[in-house]
Amino acid sequence: DAKTTQPPSMDCAEGRAANLPCNHSTISGNEYVYWYRQIHSQGPQYIIHGLKNNETNEMASLIITEDRKSSTLILPHATLRDTAVYYCIVRGGNSGYSTLTFGKGTMLLVSP
Amino acid sequence: GAVVSQHPSWVICKSGTSVKIECRSLDFQATTMFWYRQFPKQSLMLMATSNEGSKATYEQGVEKDKFLINHASLTLSTLTVTSAHPEDSSFYICSAWLGFEYFGPGTRLTVT
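Which chain is which? The protein sequence lines are A and B, in order.
Residue numbers for the first sequence, in this note's numbering: 29 to 140.
Residue numbers for the second sequence, in this note's numbering: 490 to 601.
There's no promise every hint is true.
[What the hints assert, rightly or not] Just the calculated beta-carbon pair ranges, DEER-fashion:
1) A:Arg-109 / B:Pro-497: 46 to 56 Å
2) B:Glu-576 / A:Arg-109: 30 to 40 Å
3) A:Met-87 / B:Thr-520: 23 to 33 Å
4) A:Pro-35 / B:Phe-528: 18 to 28 Å
5) A:Arg-109 / B:Ser-498: 12 to 22 Å
6) A:Ser-139 / B:Lys-553: 26 to 36 Å
7) A:Ile-102 / B:Lys-553: 37 to 47 Å
8) A:Pro-36 / B:His-496: 30 to 40 Å
9) A:Thr-54 / B:Cys-502: 40 to 50 Å
10) A:Glu-94 / B:Glu-576: 44 to 54 Å
11) B:Ser-507 / A:Met-87: 31 to 41 Å
Bear in mind the hints are in silico, worked out from the structure with no lab data behind them.
Every residue gets a Cβ at the ideal spot worked out from N, C-alpha and C, and that includes glycine.
Hey, can you work out the whole structure from these sequences and the hints?
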């Protein structure tokens, strides 16, 4: 699976949008971009995933560039409970399982 | 959404003893489950892939005789840490596959 690069930390004010970038320049055509987050001392929580089109769900939006070499996770109105480590992971196609490789992620700190 | 539970949430055991951690998929059947380990301030590291009714597949460097995995049913996988030592103290997290990985809340193991 392709490797990802994320900034180690980011700050965001409560109520503002949090935009978390991820570079995955070696992504191949059948690989998906997944985002998980881990709140302190809890298991990771699935947020969203996409292949090439932008995706939105009740938690977040995922914007993938046209060349698919980078993506941005957007939390539209960050709250204090969104403080967590956010992991951007690239993994193989949806047919059958393939393992997740967790990098160091981005520590997002949402402040009042 | 799919729910994965772990039991116990935390455990303290003495060096040399064995401890079993359970991972259950509560509202779905999971042919494949995964076990991860996370040391303080580090990312998750995959230990093994557990398939129902067959032997687990261990990642390189993980001792299969020390970390026994049993996936006897479609909703239960267990991890037994045998002859635990203080260096086995860690946060153990399982996940279950249902199109993508749903994670449990984790088990904090402390070996004294």
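### Task
Mind checking the hinted window 31 to 41 Å against the Cβ distance between Ser-507 (chain B) and Met-87 (chain A)?
holds (39 Å)
### Query
Are Ser-139 (chain A) and Lys-553 (chain B) spaced within 26 to 36 Å by their CB atoms?
Violated, since Ser-139 (chain A) and Lys-553 (chain B) (Cβ atoms, about 45 Å apart) do not stay within the stated range.
### Message
The hint says 12 to 22 Å between Arg-109 (chain A) and Ser-498 (chain B); measuring C-beta to C-beta, is that right?
### Response
holds (20 Å)
### Message
Tell me if the beta carbons of Ile-102 (chain A) and Lys-553 (chain B) are separated by a distance inside 37 to 47 Å.
### Response
holds (42 Å)
### Message
Just to be sure I understand the hint, the distance between the Cβ atoms of Arg-109 (chain A) and Pro-497 (chain B) should be within 46 to 56 Å; is that true here?
### Response
Violated, at about 25 Å.
#### Entry: Range hint 30 to 40 Å (beta carbons of Pro-36 (chain A) and His-496 (chain B)) holds or violated
holds (33 Å)
### Query
Could one say that the CB atoms of Thr-54 (chain A) and Cys-502 (chain B) fall in the range 40 to 50 Å?
Because 43 Å falls inside the window, the suggested range holds.
### Message
For the hint 23 to 33 Å, verify it against the beta carbon of Met-87 (chain A) and that of Thr-520 (chain B).
### Response
Hint holds: Cβ distance 27 Å, inside 23 to 33 Å.
### Task
Could you check the hint for me, namely that Pro-35 (chain A) and Phe-528 (chain B) are 18 to 28 Å apart, CB to CB?
holds (22 Å)
### Query
Honestly, do Glu-576 (chain B) and Arg-109 (chain A) meet the 30 to 40 Å range at C-beta?
holds (34 Å)
### Message
Please check whether Glu-94 (chain A) and Glu-576 (chain B) have a Cβ separation lying inside 44 to 54 Å.
### Response
holds (47 Å)
Violation of the numbered hints given earlier is confined to hints 1, 6; the remaining hints are satisfied by the structure.
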